Amino acid sequence: ECFDTRKFSWLLDAVTHANTQVNQRALVGIAFALLFHPTRLSLYPELTARLSLLNEDGSFGKQLNRIYIELLRSQETEKIDKKMREEIIPEMMRNVNIMRNMKFGFEENPEENDLNPDWEKAFESSGLGDKIREMNELQLEGADVYMSTFAQLKTYPFFKEPYNWFYPFDMHHS
Numbered sequence: 001e002c003f004d005t006r007k008f009s010w011l012l013d014a015v016t017h018a019n020t021q022v023n024q025r026a027l028v029g030i031a032f033a034l035l036f037h038p039t040r041l042s043l044y045p046e047l048t049a050r051l052s053l054l055n056e057d058g059s060f061g062k063q064l065n066r067i068y069i070e071l072l073r074s075q076e077t078e079k080i081d082k083k084m085r086e087e088i089i090p091e092m093m094r095n096v097n098i099m100r101n102m103k104f105g106f107e108e109n110p111e112e113n114d115l116n117p118d119w120e121k122a123f124e125s126s127g128l129g130d131k132i133r134e135m136n137e138l139q140l141e142g143a144d145v146y147m148s149t150f151a152q153l154k155t156y157p158f159f160k161e162p163y164n165w166f167y168p169f170d171m172h173h174s
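If you count the sequence shown from 1, position 106 lands on 106 in my numbering, and the numbers rise without skipping.
Hint data in this document are derived by calculation from the structure and do not stem from the laboratory.
As the structure is a computational prediction, the values presented were derived from the model and not from experiment.
Treat the hints with caution; some may be incorrect.
[Unchecked claim] Straight-line distance between alpha carbons at most 20 Å, and here's what the computed SDA-like set of lysine to any residue pairs gives:
id, residue 1, residue 2
1, Lys131, Thr77
2, Lys62, Ala18
3, Lys62, Arg73
4, Lys62, Arg25
[As the list claims (entries may be wrong)] Simulated DEER-style distance windows between Cβ atoms:
id, residue 1, residue 2, range
5, Leu43, Glu86, 42 to 48 Å
6, Gly142, Glu46, 33 to 39 Å
7, Ala18, Ser125, 56 to 62 Å
8, Gly61, Gly127, 41 to 47 Å
9, Met93, Glu124, 14 to 20 Å
Just so it is clear, CB atoms sit at the ideal spot from N, CA and C, and this is done for glycine as well.
Let the sequences and hints guide you as you build the complete structure.
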């Protein structure tokens with residue numbers, strides 16, 4: 001991993017390319033080069049000048065910022081996966097008996113949107129409500145909370161058939 005001025009210059013050319021796939025890949029390459037070699041750029045004033053020129057309208061800096069935010073979010077995926085496997089899913093499994101005795105309303109009128117008060121009591125008394133709220137907060141922050149659970153589910157025979165991946169949820173399919 002050496003900083004190569006010619007490659008970096010090529011990325012600066014490619015980031016202005018008309019093809020979105022090309023310019024976005026170049027942008028990610030620039031982001032990684034700046035991340036791995038933060039002090040090198042100051043040694044090359046011509047590259048610094050080109051970067052400044054790209055960021056005259058401020059959009060280049062915003063795009064780099066967006067990439068860095070996505071990189072930070074992707075680092076959280078392992079922590080979220082661990083939390084799901086070690087805390088949230090085991091808590092849900094411990095409370096499965098509470099869920100068995102409840103009516104979920106699937107067999108009732110599907111147009112009804114009423115909340116079941118028994119659910120609320122059961123969730124709050126078991127601590128399950130806190131875990132579900134925590135999972136919801138992570139999801140609202142943009143975290144990929146379903147990656148860890150789906151990674152395990154995709155080994156089931158149902159998902160071995162490609163057409164099954166595209167089924168929308170329907171009570172008749174379950």
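Which numbered conditions among the earlier hints are violated in the structure presented, ordered from lowest to highest? none
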